[in-house]
Amino acid sequence: MANEMMNWHNDLFDRLNDWTKMDDLVNGLGRSFLNVGSHGSVLKTDIKETDDQYTMKVDVPGINKQDIALKYRDGTLSIAVKRDSISDESDKDGNIIASERQTGRFGRQYSLPDVDVDKVEARYENGVLQLTLPKKAAADTHHIEIQ
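Going by the UniProt record's numbering, the sequence shown opens with residue 1, and the numbers climb by one from there.
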C-alpha cells in the first residue's frame, strides 16, 4: 500500500511539473528574445513611463558591464548579454555537485517609442542595469483649415 501511495504521489508531481513547463512556455510567447536558452535567462525588467521619459531596471546578475550591449532603433530598445565562461569549483576528487549557471548569449527587446537617443543614460551597479530614456519633445500640432 505504501508503494502504491508513493507511486501515486510521484505521478501527481510529475504531472504538475509538466503543467508548470507548459505555463512557462505560454508566458514566454508574448516576449521578444534574441536567443534565450531557458526561462532562467530571461532579463527580468521593471519599466516606468512618465510624460517625459521611460525608466528601466533590468536584472543582469553575474554579468560584466562590458558584456552588455544596448541598441535603440526604430522605437525598439535591444539589450544583448553574453556570458562566455563560468568557473565552477569542484571537490578534491574533481566532482561538481551542481552546475546550473549558464554560458552563452541572450537578450530581450522592448518597444519604447519616441526616445531621444542623444539623452539616454545607462548605469550598471550590483547586477542591475538602470536606464533613463528621455522622450523626444512633442511636435507642435498644426491645425489645418477645411475649405
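Derived from the structure by calculation, the hints contain no laboratory data.
Owing to the predicted nature of the structure, the values given are computational and were not obtained by experimental measurement.
Treat the hints loosely; a few may be bogus.
Computed beta-carbon distance windows for the label pairs [unchecked claim]:
(1) His142 / Gly104: 36 to 42 Å
(2) Ile96 / Thr50: 44 to 50 Å
(3) Thr50 / Asn95: 34 to 40 Å
(4) Thr55 / His142: 27 to 33 Å
(5) Gln147 / Lys119: 38 to 44 Å
(6) Lys71 / Glu49: 28 to 34 Å
(7) Asp93 / Asp118: 54 to 60 Å
(8) Asp51 / Gln147: 32 to 38 Å
Beta carbons are placed, not taken as given, at the ideal position from N, Cα and C, and that holds for glycine.
Each hint tested on the structure:
no., hint, result
1, His142 / Gly104: 36 to 42 Å, "violated, 50 Å"
2, Ile96 / Thr50: 44 to 50 Å, "holds, 47 Å"
3, Thr50 / Asn95: 34 to 40 Å, "violated, 53 Å"
4, Thr55 / His142: 27 to 33 Å, "holds, 31 Å"
5, Gln147 / Lys119: 38 to 44 Å, "holds, 41 Å"
6, Lys71 / Glu49: 28 to 34 Å, "violated, 20 Å"
7, Asp93 / Asp118: 54 to 60 Å, "holds, 57 Å"
8, Asp51 / Gln147: 32 to 38 Å, "holds, 35 Å"
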